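Undergrad: Here's the letter readout for the chains.
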Amino acid sequence: MKFKNFIKILLAFLIIFAPSNGIAKTIKWSMQGDSLTLDPHAQNEGPTTQVSRQIYEALVTRGLDMSIGPQLATKWKAVDPNTWYFFLRDDVKFSNGQKMTSEDVVFSILRAKQPTSDFKEYISTISGVKAIDNYTVQIKTSKPNPILLNQLSNIFIMSKKWSTDNFVIAPQNWDAGQETYSATNALGTGPFKITLREPNTKTVFKKNSKWWGNVEHNITEIQLLPIKNAATRVAALLSGEIDIVTDAPVQDLNRISSSGGHKVESTPQMRTIFLGMDQAADQLRTGNTGDNPFKKKEVRQALYQAIDIEAIKKKVMRGLSEPAGIITFPGVTGYTKALDKRLPYDVGAAKKLLADAGYPDGFEVELRCPNDRYVNDEAICTAVVGMLGKIGVKVNLFAQTKSKHFKELKDNQGDFYMLGWGVPTLDSHYVFHYLYETDASWNKVNFSDAEVDAAIRVMEGEVDLDKRNAAIAKAWKIVRDNIAYLPLHHQVISWASKSNVDVPIRPNNEPLFRFSKVN
Amino acid sequence: MDNRKLTWFGRVKDSDIYYSFIKSPTAIVSTFILIIIFFCSFFVEFVTPYNPFDPSSLSLMDAFTPPSWTEDGLAKFILGTDGQGRDMLSTILYGSRISLIVGFSAVIFALVLGVGLGLSAGYFGGKYEMIVMRLTDVQLTVPSILMALLVDGIARGIITRELHDEMAIYVLIFAIGISEWPQFARVSRAATLVEKNKDYVSASTIIGVSNLIIMFKHILPNILRPVLVIGTIGLALAIIAEATLSFLGVGVPPTTPSLGTLIRLGNDFLFSGEWWITFFPAIFLVVLAFSINLLGDWMRDTLNPKLN
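For the protein sequence lines, the chains are Y and S, in the order given. Going by numbering that gives the first Met the number 0, 17 is the number at position 18 of the first sequence; the sequence numbering is gapless. Going by numbering that gives the first Met the number 0, 140 is the number at position 141 of the second sequence; the sequence numbering is gapless.
These are calculated hints, taken from the structure and not from any lab test. All values reported here derive from a predicted model rather than from experimental measurement. All C-beta atoms in this analysis are idealised placements derived from N, C-alpha and C, irrespective of residue type, glycine included. Among the hints, a few may not be true.
[To be verified] Cross-link-like lysine-lysine pairs, in silico, DSSO-like; alpha carbons within 30 Å at most:
#1 K312/Y / K75/S
#2 K75/S / K393/Y
#3 K389/Y / K75/S
#4 K22/S / K350/Y
[What the hints assert, rightly or not] Computed footprint of chain S on chain Y, listed as stretches where at least three residues anywhere in the stretch have a Cβ under 8 Å from a Cβ of chain S:
#5 242-253
#6 305-315
#7 371-385
Start from the sequences, fold in the hints, and give me the full structure.
TA: Put into structure tokens, the structure is as follows:
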């Protein structure tokens, strides 16, 4: 009797637990912040796009290797420099079963061009879209656009009918705090669909059984559970409450990987950290020499060569950084290993350069730093202060929160500052357009060079790739030789997960769960 | 016995206090520890070869060196180094100097304010006494850390960023001092109430000595014993209060760290295995506060006539 009971209990346990392990495959995903909105055109922001990417799809997309490939469009051709044809798949359905046609594509691209869209600058060169037939779309540009495909890879396709039915023809006006149906609901063609959305708490994605693609994943459900505090996030991962963290803190990586049952993966992120030195001001705001030493290239080079980037990599970044010679990274058009080579670390040469420039006793300047933006930002700055002290440059560190740091930088208050730059389009033009062009919005070192400006114009309108690449290479050479900025390193991102969870890491920090497996 | 014939040292040696001191091992040990800490902290430039506050003398490659007795330790960094390559021992000693300066100054500030108000309240009595005593009651209901946080918060609002780092230490002294004065006021008032009815006070009053001279020349020396006892314990409290505030990030700035600031900075590395960065400042703080407390306990036992 008692033995029978025992068997019954055992069987009951088997019935309860065995299927849940065998069939349902759930990934619990955590990061610092949540997606700001589910509306795919309302916010151009990292975590927001990361969430949208699981539900929505674009005409073309970047694969695991970050190269552009077909997604909703199977092929495309440009009949003249300003006219493109995209041929769509004819087997695509939204997750409610409705077929996707060129009407939806035209609607979505026009939606992304509306004033409340955060992607309107992205595709500002698109001047017209029209449906040729059910599965062909024609896109016209105002001028030849060599990076149209890169830009289209971030424009997600929505359903025209769903948007009309739910009064979301225009993107949510996020800046004005508008609440729309599309901000908390989503209907896409992607491999997953949203079944629960509680902003900043929990978002549940379920497998979309109507997805057109070849199913390579074995996931039935994804739960996004944002946890703000880094230590809490790590603790949740270690306790098994969370399966994957896509922004694991550098100092805790050893602890996570040594815990057994967990693994850590790292890859260079698409972000370069650098220091800027104002080269235009006649007098430094925080200097002591009455002039601006940064005007002299020798001084900038002296500072460059005084920084022991390998020491920063080893001690501050714990090996998780790649020393940089230019402010862009592998994978971006125009990047080469030769350009990315740093000037050698040489304190003697730095001292000599400083003396030759007329500052044998150095000078004093304030270094502005954020303390909550980049990986170990304040610690990097503190290390730089010590290194520059060795060549006689007395640096006073001023570290503050990112919102104040960026605002005061925009107000031109920085002589010497830290900044980081990512390149979402994976094209050098993005860097030049913001950081090097005369009077560009983030060109706070006030660098100005007519040849670079001319090269930027070429990058914008030249479709002959050889000519365009030559212009990019030339511009990089000029700014690198000028030491317009002082590059430090490419950031490395780290994902930590349970050993049985396999989500391929990607340099843009965007997980693609359609390639993920839970073993 | 005629004390006047003995030397100063002889008088000390002959006193009850000295007798009690050499009979108490805790008092001897704690005094010995405190003398070493005080000496090393105030003559730190001569004790250690490193100046952790000079960034150009640091080498980042030395960062995260563990203590010398561990496998990867270096003999030149006995207690290891922190995340910027600063020698922990020198940093702790420089830090403890700041902690001690803040602690002493805060206690002296609280003592002067508290004894002044308490003594005069006990002596004059009446409405003045009532007001001062109610004031201490009100302040005793507010936790001292909260009081100090409040003062620091207001100071941050008033003082500009450039000045704040320089003024931080004075703000801290004021904040801790203002939160501790009621203890001194209460004790000195109670002692004054006992003293003021004694014959020597009446005699002084009769021959026309002024109130001020009676208070500070005649009464003060007689109430000093209990005040010194709570002053000693107050020193330990002030040092811990400073460490707490700095740990919360409202105290001394990280460029010139005190013990509390060091513990806070090291806390980031506790999970990653670099335990020594936060452990040694913490243990140093414990030893310092514990020694002062032991000495305070001994003083209370010895100086309290009721216990003798």
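Undergrad: Could you work out which earlier hints the structure fails to respect and list their numbers in ascending sequence?
TA: Number 4 only.
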